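*Asks:* Chain by chain, the residues run as shown.
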Amino acid sequence: MTIYLNVWRQEGPDKPGRFETYTVPDVSPDMSFLEMFDVLNEQLTLEGKEPVEFDHDCREGICGSCNMVINGQAHGPNARTATCQLHMRSFKDGDTLFVEPWRASAFPVIKDLVVDRDAFDRIMEAGGYVSVNTGNAPDANSIPIDKVAADSAMDYAACIGCGACVAACPNASASLFVGAKLAHLSLLPQGQPERNRRVVNMVHQMKEEGFGDCSNHAECEAVCPKGISIAGIAAMRRDYVKAMLAAD
Amino acid sequence: MKLDAKEPAGPLEQKWDRYLKDLKLVSPNNKRKHHVIVVGTGLAGASAAATLAELGYHISAFCIQDSARRAHSIAAQGGINAAKNYPGDGDSVWRLFYDTIKGGDYRSRESNVYRLAQNSNNIIDQCVAQGVPFAREYGGYLANRSFGGAQVSRTFYARGQTGQQLLLGAYSALSRQVSAGNIDMYARREMLDLVVVDGKARGIITRNLVTGELERYAADAVLLCTGGYGNVYFLSTNAKNSNVTAAWRCYKRGAFFANGCFTQIHPTCIPVHGDYQSKLTLMSESLRNDGRVWVPKNPEDSRPPQQIPEEDRDYYLERKYPSFGNLVPRDVASRNAKYVTDEGRGVGATGLSVYLDFRDSIKRLGRDVISQRYGNLFEMYERITDDNPYQVPMRIYPAVHYTMGGTWVDYNLMTTVPGLFCLGEANFSDHGANRLGASALMQGLSDGYFVIPYTMGQYIAGESFQAVDTEHDAFKEAENASRERLSKLLSINGNKTVLQFHKELGQFMWDYVGMSRNSEGLKKAISGISALKESFWNDVRVPGSNDTLNKSLEFAGRVADFLELGEVMARDALEREESCGGHFREEYQTPEGEALRNDDDFAYVAAWEHQESGPAVLHKEKLAFENVKLTQRSYK
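So the protein lines, in turn, are chains H and X.
Quick note: the first sequence, position 219, residue 219 per the working numbering, numbers continuous.
Quick note: the second sequence, position 554, residue 1554 per the working numbering, numbers continuous.
This is chain X alone, in the form it adopts within the complex (with noise of 0.2 Å):
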């Protein structure tokens, strides 16, 4: 199969209206008799469920949480970027355009980010109306900072909650439609398994996650919105229930999935203390605005930071990249305090962080301005660690933050199964190999306000439609593939738990698939990920039974699928014989430890197609740079 990336033709500048004007329409009455459903009720599924529900779809979302409102956008912290150039320092949609495909180090589509950047002011002016408290200057406009891997201030924030604020916006949205019976609302379930009809998506499967029932439904498109896979390593930034199962079982059903070794390691997170964590905390990266990252220059200086002089201390970002400084893109940054704790610089009781100083910053705008700035992520931190950023300095290391990989995706944002559409962190296609900071708020709610309205327009437009009802045999077989899988989970009663598999996969995929990888490396976690699978399917322990509420049986099912797409993750990151963005191969290299492309031969996106018997098989989409000249990522 070719993969066909269906590019509107013409200039860059004019696809996406070229596109517009001939779109294909479905009349008002008509979109009434059409079903779709939502899965997922982050930014992507929030604002895409409101908005086809404004337009007259008729409506089915689904969340695993409790309420649509607690997707994991919510915590989101930093902010969102748009071209609006309110400041007047030189933004346009084209800037943001070049620094989203430079950031992404020429790993993804022209085509897509060009139309992410066109939608990015929309995206302000409806979260706006929408009642979204972004900060404001005293004149009453809104307020911009700047960001890692940008010159010019183009991003708007909520203080320090800005997913949380746009959520909440495209949650009330959803509520409104919710309200007016536009869309049916299940929460407390989750998707289990796809439903292919004549080759097309026509329905799930989902689990009712209280009474354990499975359930059939029924739909012209499925859109999948259920966010990004970093899980896989245990210890990310990520809520406990992301995960990867929902996605995973539509590339089990002809879903190509692509990229998936492009993983970000985002650079200032809370450092592991202890083998109990159960998760990392992220500190916005917004902090790097105000922050100075620095460790000793002695390896063996073991002074409290705020004794250790100008002199002996090394701010390293600031040394090695002068024009950036410590707002260098989060690959770089993360990179470079691996390289200094390698070194043995590293401070804590672990080693493993390095310091993110305010000393400075508040000596220079006074304590008012940094709290009004951070202040509630100073006192998250605190709340952690017990220690005052305000009297020392953070200590920070890198964690698993965001995948950039994902389903694969065409310019319509539909994979490879006719129907099935991919929105949000779940598809590859707009951050290439490494995502820039308050870029993720944006491609969510991009694709689901602005994009998705008129391209799965298009295709319901475009088809005819066979009735198709919950007792066809591919919901029975689909909901007994199910089944059977669940009550063998539940029937093997072995000596482990599924936490401790968990944690076992994370261990292989940071050691081997994390900051920086190596053929060899690659080749073990493969080997060591396929034992894992085998020993899990023999020995985990799933406690409860089936017919109720039950976590353990939830998260066994979901570390089954994460075990199966740790292998392709560590196949992908083998195959891909260069380093760019947030994926380093260390045989790959340029002479100052920065990453090499290989843009003869790597210019493509890799999608893998599952394959019932035998290993994934590998297809490649070219990426045309036509607008941009690939060069040398720099922020020297």
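Same shape as in the complex, but just chain H (with noise of 0.2 Å):
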């Protein structure tokens, strides 16, 4: 197949960004999306240009480095896939494609197609942990926990942080990345002495990094490579009303 790219190009942070378009032939439709990346960056590089720059590391779709909007949404078409799980038997031959970065202020540009996502480590320092020092744990099996509650902590605990959520919100919320962090932990007894301070600090911090609050479009979890559910958010707001009650 060949297809016809347009890739957002932007030197650095503060330089004006534009589409250039690209031609790459000979794609093959077990090719996985990043790997035609590669193909074009091997044809830059031998015409003396230089190559798109992108994140990426896995390509397994777990790491969560990747983060390309194509045609518009992010992660591209496929429902539950990473850009780096996305293989070209889902385009079409003579396909024109758009591509370009996770777009919100919390998140500026770097290069090209690589975006600052520290406000996501800054979010988690604030409160998405449990603290307990190496050495103060009891046996493994001193507290039972109830397997679905557990099993539901695992459907929260399995976010990436890869950020879709945010390019995918209209007000490029983190609602979805904080509220899976707030509901892997609450739903776990290990969670509860914290559950208060945790929500109050990690959504607060949430707002300082310059990230919108959630409206309820749930373009969050449409993307979301993992499918982690919007419930989350509703519990956020739930315990955060609790803890903002509970507060002197």
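It is possible that part of the hints are untrue.
[As the list claims (entries may be wrong)] Taking lysine-lysine pairs in the BS3-like style, the calculated list, with each CA pair at most 27 Å apart, reads:
hint: 1; chain 1: X; residue 1: 1523; chain 2: H; residue 2: 49
hint: 2; chain 1: X; residue 1: 1252; chain 2: X; residue 2: 1297
hint: 3; chain 1: H; residue 1: 226; chain 2: H; residue 2: 207
hint: 4; chain 1: X; residue 1: 1006; chain 2: X; residue 2: 1031
hint: 5; chain 1: X; residue 1: 1523; chain 2: X; residue 2: 1503
hint: 6; chain 1: H; residue 1: 147; chain 2: X; residue 2: 1084
hint: 7; chain 1: X; residue 1: 1024; chain 2: H; residue 2: 147
hint: 8; chain 1: X; residue 1: 1297; chain 2: X; residue 2: 1363
hint: 9; chain 1: X; residue 1: 1320; chain 2: X; residue 2: 1629
hint: 10; chain 1: X; residue 1: 1252; chain 2: X; residue 2: 1629
hint: 11; chain 1: X; residue 1: 1006; chain 2: X; residue 2: 1297
hint: 12; chain 1: H; residue 1: 207; chain 2: H; residue 2: 242
hint: 13; chain 1: X; residue 1: 1002; chain 2: X; residue 2: 1488
hint: 14; chain 1: H; residue 1: 49; chain 2: X; residue 2: 1084
hint: 15; chain 1: X; residue 1: 1338; chain 2: X; residue 2: 1200
hint: 16; chain 1: X; residue 1: 1476; chain 2: X; residue 2: 1503
hint: 17; chain 1: X; residue 1: 1503; chain 2: H; residue 2: 49
hint: 18; chain 1: H; residue 1: 49; chain 2: X; residue 2: 1031
[Stated by the list, open to error] Below, a sample of chain X positions facing chain H; criterion: calculated Cβ distance under 10 Å:
hint: 19; residue: 1132
hint: 20; residue: 1455
hint: 21; residue: 1458
For the record, the hints were derived by calculation from the structure and aren't laboratory data.
Owing to the predicted nature of the structure, the values given are computational and were not obtained by experimental measurement.
All C-beta atoms, glycine included, are put in the ideal place defined by N, C-alpha and C.
Put the complex together from the two separate chains, hints included.
*Replies:* What follows is the structure, given as structure tokens:
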């Protein structure tokens, strides 16, 4: 297949960006989307041009590095699929594709398709943990945990922190990311002692970083490569109100 | 230089306890004065950084990804071993130790492996306390499953995302210490050199991957937690950024590199499908619990797998190894897949794959149970191959997955450079010539949570530290060397891309230093790689500049180091005239085609010392087995 690409190129955070057009011939349907970019970059390098910078690492949908908006959709057209797991068989010969980075003021562009997602780390630092020092732990089986609760916690814990939820949200809200971490920990007994302060601190940090609020568009859930449910956002809201009422 | 493993005296079961009893301590207000650098934030790095920070050390942590949470430990699927014996099936610390030593084909240090088995239970406790959502039974207690190379169920798991969950646990502990001000976290930084002052590791040079700036950091100890070197083969299950550079620069500063030829080729990966392929994807070994491996009996059989009747199928692992069946260790499973494809019985368009069939398990347990156990793996498989494994058997083939070799360390996890420690996959220490499934996560976390806090403390307490600042000549020299190298890479402007060189190197490694090796091939690899290295430095084209984000430049530096490593690996494989674990020398095999060890001559760790001019020099650390009897591994 031949694919016509319009790729966002931007030299740096303060530089203006633009779409550049490229043609990639001989694309195999078994190629992954990023492998097509590898081919394009080889082509550009041999032509003496600068390759397109994009973040990628594990290429099996778990590290959360890759972040392309493809024809307006974060991670492209397939449900529950990160960009690196998207294969060219999802497209047709002759397709024209627009490829952009995540767009959100809390995720400034570093170069081309690479964005700065440090804001997510700072939200985690605000409370996304259980305060237990190494060596403090009791025997792992001393607290039985209901299997249903543990499975549900795992559903939320599966978040890969890619930021597609933010990219898809009209408000650039990080509520699904934050809600997923909160729900994971509040479903487990280990998460209870810090439950109130965790939700307050993480929600406040999210605002501090310039992410918007949730207005129930549910676009985040639609693009999430791990299929995380927006029920996590509802739980976050409940917990936040409870925590605020509980505060002096 | 004589290698001293510094193993504590006394009976095996008491070595670590005695070590802890005699340990020198650093007082809390002194810990604050000591600055420690941790390079890499995978399981080993994140757990070490968090724990040392909790103890009061001042930590600077570095990773090449944009966030500490993305280190490649995240991709481990199947599970983590521990000797809890919750299922009551006869497990114990001794048995986990024994299985690990035996699985490693008797090429690891008894004392290290025993300590690993002892720590295994603490790891599970710690992770559960952090909120890691391990799989549970309906009664609320933790679930276990079995893995290759063991006859007990001792593997704890979180669906097929155990590495992710354990790493996120360690990352959350790290985040907590960042917020407490005890860790300075530097993401998108690549370590380019080690700074040695008066014979001790005192700092590192990093490149800021966003601005290209070279940065100097000074410390009293440096912890190398930078993972394995599987990407020397180009195609592997490693993440694209996994590399040997940090470890290799330490090697060039005097840290010996051990057992480079011990690489693990994992039996259950999705087969290669085209020359544009950038990496291989692992399907967790846990699949072998319920999947049956087979090929057609007849090489000419071209029927679709569902139409091949039972009598025309060869379940070769079950046939050859009746007591372990599909759960033989990884090296045995991989080698047998190679044998059947060499016989022309491989399946798929390329003939380079075998079937992993769930038909019987689905019949026995129902689709729901199988989907609960492996749902996400099946989905991933279908996404990549467009085949539905509920209906047709998976096709799998071995791929490079893990490297048992690495930087040489003593019992303290200290390298041959005082003050430089090495943890996790980056060191060589615990898995011998073959690693058992679900043991990598265990080792990374054991090193980080439960070993280094004590052993590094012992070093700090026993040394006096002159203040060293980053204006010291050693920092200037190291920074200049890195700068010159980067300029050189950018100035060659040849005709071949970094990727082309990497693929050529990978082909040499896979063909001659892969699943099966021989003297002639290894010699071919050594001369071929040497010529390729020469050509790289004359003909590579690296686009862009140094003062910006430039992944081509990052990759160029890494491939340059892989070219040197490849040669040392081939020499290591040539020197080891025996077969053991993942290292299979065709000249040394039993009449049944199994690995034939030579314990009299090769029961040692091969540690290579870099020379400024001339080839690396081999040092041998003799392995003493006082507690286990060396036997021919048998999984029959």
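*Asks:* Does each hint hold? Answer for all of them.
*Replies:* Status of the hints after comparison with the structure:
{"no.": "1", "hint": "1523/X to 49/H", "in the structure": "violated, 38 Å"}
{"no.": "2", "hint": "1252/X to 1297/X", "in the structure": "violated, 51 Å"}
{"no.": "3", "hint": "226/H to 207/H", "in the structure": "holds, 24 Å"}
{"no.": "4", "hint": "1006/X to 1031/X", "in the structure": "holds, 24 Å"}
{"no.": "5", "hint": "1523/X to 1503/X", "in the structure": "holds, 19 Å"}
{"no.": "6", "hint": "147/H to 1084/X", "in the structure": "holds, 20 Å"}
{"no.": "7", "hint": "1024/X to 147/H", "in the structure": "violated, 44 Å"}
{"no.": "8", "hint": "1297/X to 1363/X", "in the structure": "holds, 23 Å"}
{"no.": "9", "hint": "1320/X to 1629/X", "in the structure": "holds, 24 Å"}
{"no.": "10", "hint": "1252/X to 1629/X", "in the structure": "violated, 37 Å"}
{"no.": "11", "hint": "1006/X to 1297/X", "in the structure": "violated, 52 Å"}
{"no.": "12", "hint": "207/H to 242/H", "in the structure": "holds, 19 Å"}
{"no.": "13", "hint": "1002/X to 1488/X", "in the structure": "violated, 37 Å"}
{"no.": "14", "hint": "49/H to 1084/X", "in the structure": "violated, 57 Å"}
{"no.": "15", "hint": "1338/X to 1200/X", "in the structure": "violated, 46 Å"}
{"no.": "16", "hint": "1476/X to 1503/X", "in the structure": "violated, 35 Å"}
{"no.": "17", "hint": "1503/X to 49/H", "in the structure": "holds, 21 Å"}
{"no.": "18", "hint": "49/H to 1031/X", "in the structure": "violated, 51 Å"}
{"no.": "19", "hint": "1132", "in the structure": "holds, 8 Å"}
{"no.": "20", "hint": "1455", "in the structure": "violated, 14 Å"}
{"no.": "21", "hint": "1458", "in the structure": "violated, 17 Å"}
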